[in-house]
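*Asks:* Chain by chain, the residues run as shown.
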Amino acid sequence: MTAVFAAHLVVAVACALLAGRLGPRVFLVGALAPLAAVVALVVVTPAVLDGTVESATVSWVPGLNLDFTMRLDAFGLLLAWLVAGIGVMVMAYAWQYFGGHGTPRDDLGRMSATLVLFAASMLGLVTADNVLALFVFWELTTVTSFLLIGTDDRNGAARAAALRAALTTGAGGLVMLGGLVLLAIQADTWTLSGLAADPPPGSLAVGVAAACILVGAMTKSAQAPFHFWLPGAMAAPTPISAYLHSATMVKAGVYLVARMAPVLAPEVEWWRPTVVTVGVVTMVIGGWRALRQNDLKLLLAFGTVSQLGLMFALFGVGEPEATAAGCAVLLAHALFKSALFLTVGIIDHQAHTRDLRRLRGLRHQLPVVAGVAAVAAASMAGIPPLFGFVAKESALEAFLDLEGSALLAVAVIVAASALTVAYSLRYWWGGFGDATDSGIHQLVGEVHAPAPAFVAPAVLLAVPTVVFGLVPSLAAELTGPAADALIPGSGEKGLSLWHGVNVALGLSVVAVTAGVLMFVGRRAVARAQSRLPRIGTGEGAYDASVRGANVFADRLTGVLQNGSLPTYLTVILLTAVTLPTVALVHGGTDGLANLVGAESIAQVGAAVAACVAAVAVAVTRRRFAAALLLGAVGYSVSLLFVVQGAPDLALTQLLIETLSVVLFVLVFRHLPDRFETHRWNRSHSVRLVVSVLVGVFMTGAILFSTSARVDPSISENFIARAQPEAGGKNIVNVIIVDFRGYDTMGEIAVLALAALGVAGLVAVGRRRPDGDADDGDADSSVDGVVDEAGVTA
Amino acid sequence: MRFRRSLIVDSCVGLLVPTALLFSVFLLARGHNNPGGGFAGGLVVGCALVLQYAASGDPRTGWRVPLSGPSFIGAGLTLAAVVTMLPMLEGNLFFDNSKVSVTLPVFDKVTLYSVAGFDLGVELVVIGVVLLLLDTLGTEEVSS
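Chains as they are written, first to last, in the working numbering: chain U, 1 to 793; chain P, 1 to 144.
These are calculated hints, taken from the structure and not from any lab test.
Accuracy of the hints is not assured; some may be wrong.
As the list claims (entries may be wrong) - Lysine to any residue pairs mimicking SDA-like chemistry, simulated, CA-CA at most 20 Å apart: (1) U:K729 x P:R4; (2) U:K729 x P:P35; (3) U:K493 x U:A646; (4) U:K729 x P:L112; (5) U:K729 x U:D711; (6) U:K493 x U:L478; (7) U:K729 x U:F668; (8) U:K729 x P:N33; (9) U:K729 x P:R5; (10) U:K729 x P:L120; (11) U:K493 x U:V503; (12) U:K493 x U:P262; (13) U:K729 x U:S715; (14) U:K729 x P:R30.
Quick caveat: nothing in here was measured; it's all calculated off a predicted structure.
Required output: the full structure, derived from the provided sequences and hints.
*Replies:* Right, dumping it as structure tokens:
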């Protein structure tokens with residue numbers, strides 16, 4: 001299993017490196033990665049379907065319970081097949097899609113590599129057993145999705161869509177992380193398999209966890225009211241939309257609900273009604289808005305939203321029959337929707353438009369594509385004998401068999417199915433039929449026939465739709481064990497094309513009839529739609545919250561960062577004084593009893609020297625002298641360290657002081673020699689008060705804190721462990737490089753960044769034509785001009 | 001105005017800088033058991049660079065390859081990151097301390113700890129920072 005991930009990483013690097021030489025053929029290299037996954041899946045599939053669970057563990061941070069525990073059960077297998085199988089098709093398709101006419105693109109390497117990395121993340125997501133690893137892969141798909149939606153990074157709309165998708169799903173992911181951690185703590189296990197085996201009893205904490213997890217799943221799977229990012233994601237090139245935003249990534253939320261429903265539905269009473277409501281409402285909103293679209297791709301995107309709602313509702317129930325139906329719908333949708341997207345891509349590529357008002361008679365010019373589209377659209381609409389029909393029948397039956405108020409849900413699903421039929425027809429007729437009702441738009445003329453290799457992936461994806469429809473037991477081989485893996489025993493019923501004349505069949509007939517009627521009367525429907533207020537536009541809320549955050553940040557920054565250095569210092573120093581003083585007063589002041597005066601004359605000498613130098617810094621009028629005197633304070637302190645027997649500190653202090661004096665001097669030479677003298681004013685008084693406060697406070701705080709020790713010093717522990725564990729006698733060094741090595745790592749990174757930042761600021765200051773008189777830069781830029789010739793030394 | 005060099009300062013610095021560099025290596029090597037370590041070692045080299053700069057106006061006087069500050073910083077951070085990951089190869093945790101004992105002719109038995117490499121990374125970063133600051137703050141000669 002690990003080898004498959006390694007293969008993806010290698011292929012991703014290869015794609016990035018080879019794109020320049022191979023052009024669009026780089027996607028064939030990229031196809032090697034999902035192909036490797038397919039091969040691996042072929043090997044393990046028989047065993048996994050028999051109930052064996054493949055697993056592997058790579059430990060990462062055991063202290064945080066973060067292990068890459070990978071576990072491939074039959075449900076993970078179903079999704080892994082989608083990721084790998086559709087991955088191969090989409091890669092092969094992309095080779096043709098990005099080939100041919102136009103100027104060669106320079107972003108193919110980035111795109112193919114990111115696509116491969118996405119495939120790896122998605123495989124990780126569906127095989128992760130550890131919940132934290134699940135989150136890591138979840139967010140990796142968010143990141144790769146962000147990069148892929150923004151492929152056309154010179155297009156502002158694409159960038160905005162990418163950001164919108166990333167912010168929405170990323171924020172949901174963070175909420176989900178909170179829920180997962182809470183749930184894991186309640187259940188005392190960090191694996192999905194552990195949760196499934198031993199669900200935590202219901203409690204407030206589990207309820208909150210369930211709500212958080214649900215929010216994460218809803219954002220990822222574009223459920224209302226978070227569905228708005230998915231249509232925007234159609235800014236990505238079509239292969240990416242087909243792969244990420246219909247077949248795989250958007251199913252991550254459904255996947256999570258499927259995993260969690262058996263755990264949470266029995267324990268959290270609001271879970272089932274809420275998830276089912278979210279699902280069916282999303283179904284209707286998606287279907288309704290799909291009917292309004294003129295862009296074929298957007299039409300399909302809203303269709304995806306609608307279908308995801310059905311899956312959400314089915315898996316959310318957490319009952320055997322609904323879960324089995326959910327697995328079937330999931331497979332059916334991935335197959336027909338990816339095929340549909342590929343056909344839209346072909347239309348777009350050949351006719352240079354996806355606007356169904358401009359397309360006419362393409363079924364004569366692209367007969368194969370039209371055929372594939374007809375099969376896939378019919379499957380989407382639930383027409384027998386296709387797999388979509390089988391799946392939708394099983395879904396309807398599952399809801400009909402549920403106890404309680406599932407009938408309302410059934411009614412809504414039937415209504416949404418009617419919408420599905422209507423937009424399926426709208427899609428096919430708009431793309432391939434005769435343009436009947438658009439006199440005003442420029443129609444496309446002759447289109448060239450696409451290359452066979454361009455059409456092949458779409459055909460291959462449509463084949464299982466037909467085969468699984470005619471022989472549903474084949475599909476049940478895969479979906480049955482998948483459902484079993486979620487809820488044992490749920491896959492027994494199997495799938496079948498013909499259930500006899502029953503309620504579900506009747507409802508299907510009703511839905512298809514209503515859908516066809518809606519299509520026939522589409523002018524009336526469109527008029528009705530335009531008269532009704534637009535429903536379910538979550539964009540407004542998103543835009544408002546993003547704008548609000550920006551405005552708030554602006555105002556807050558305006559208050560906090562007003563640009564005055566003295567104000568900053570005053571705020572920082574007063575805070576430093578106030579907060580600990582409160583604690584000090586609150587905590588009492590006993591403990592001063594064991595204060596000692598000086599222990600040796602050397603201590604007194606060093607302290608006096610430091611004090612004299614400090615006073616001199618404040619009194620002197622010359623900058624240069626001030627810098628030197630400040631250094632003298634530091635030297636005196638390091639002398640104190642020597643006296644106290646801390647050679648390491650003393651050495652470091654001495655060196656630091658030396659370097660800082662030099663750097664001070666380097667900066668000060670651009671400033672006037674003497675400090676400016678001002679008349680005494682109010683700000684001076686404020687500063688005086690603040691400095692006295694800080695001085696008194698620091699003295700007091702140190703006196704109290706050194707004598708107020710209650711627990712033994714941590715240094716005892718370090719001293720005891722330094723030699724045996726880290727093999728060093730110098731405890732200071734052992735602390736720096738070993739015990740607190742993480743800190744040091746962070747510190748050197750900060751040091752490096754600060755230096756680079758200073759270098760950048762100086763460079764910017766130097767580039768200014770002539771200094772604004774806000775600080776000493778005015779001098780530096782003048783000097784810069786004068787000294788251009790003098791640097792050669 | 002051209003930078004005016006002083007023979008006396010030049011000669012003194014010529015003696016001091018190699019000594020300082022040697023001292024820095026000494027600090028780095030003994031750091032694990034005695035006062036010293038990568039940070040102090042890096043600061044000593046930094047001071048040597050400052051001396052060099054004060055004497056000749058260029059901290060890199062006598063360098064065959066005039067490496068930039070950022071390249072030291074990058075090398076240091078990379079080294080530190082790599083060294084902290086090395087124990088993972090043996091199946092240990094990130095930032096674990098692994099050691100190798102070798103017997104050398106003069107020094108007898110020497111035990112090397114992987115954290116020594118981390119310390120060297122710290123030293124390189126400090127050197128790079130000083131060099132970068134000298135380059136950015138010290139490039140404009142004061143015309144006096």
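*Asks:* Determine for every hint whether it applies to the structure shown.
*Replies:* Hint by hint, here is what the structure shows:
Restraint check for K729 of chain U and R4 of chain P: not satisfied, since their Cα atoms lie roughly 47 Å apart, outside the 20 Å limit. A hinted pair counts as satisfied when its Cα atoms are at most 20 Å apart, and K729 of chain U with P35 of chain P qualifies at roughly 10 Å. For the proposed pair K493 of chain U and A646 of chain U, the alpha carbon gap of about 77 Å is over 20 Å, so the pair is violated. A hinted pair counts as satisfied when its Cα atoms are at most 20 Å apart, and K729 of chain U with L112 of chain P qualifies at roughly 14 Å.
At roughly 24 Å between alpha-carbon atoms, K729 of chain U and D711 of chain U are farther apart than 20 Å, so this suggested pair is violated. At most 20 Å may separate the alpha-carbon atoms for a hinted pair to count; K493 of chain U and L478 of chain U meet this at roughly 13 Å. In summary, the hint linking K729 of chain U to F668 of chain U is not supported, as the alpha carbons are separated by about 42 Å, beyond the 20 Å threshold. Restraint check for K729 of chain U and N33 of chain P: satisfied, since their Cα atoms lie roughly 4 Å apart, inside the 20 Å limit.
Between the alpha carbons of K729 of chain U and R5 of chain P the distance comes to roughly 45 Å, so the proposed pair goes past 20 Å and is violated. Taking the CA atoms of K729 of chain U and L120 of chain P, the gap is near 18 Å; set against the 20 Å cutoff, the hint holds. For the given pair, K493 of chain U sits about 18 Å from V503 of chain U by alpha-carbon distance, which is consistent with the 20 Å threshold. This hinted pair checks out: K493 of chain U and P262 of chain U have alpha carbons roughly 18 Å apart, not beyond 20 Å.
Straight-line distance between C-alpha atoms of K729 of chain U and S715 of chain U comes to about 13 Å, which keeps the hinted pair within the 20 Å bound. For the hint linking K729 of chain U to R30 of chain P, the alpha-carbon distance of about 10 Å falls within 20 Å, and the restraint holds.
Checked against the numbered hints listed earlier, the structure breaks hints 1, 3, 5, 7 and 9; every other hint is satisfied.
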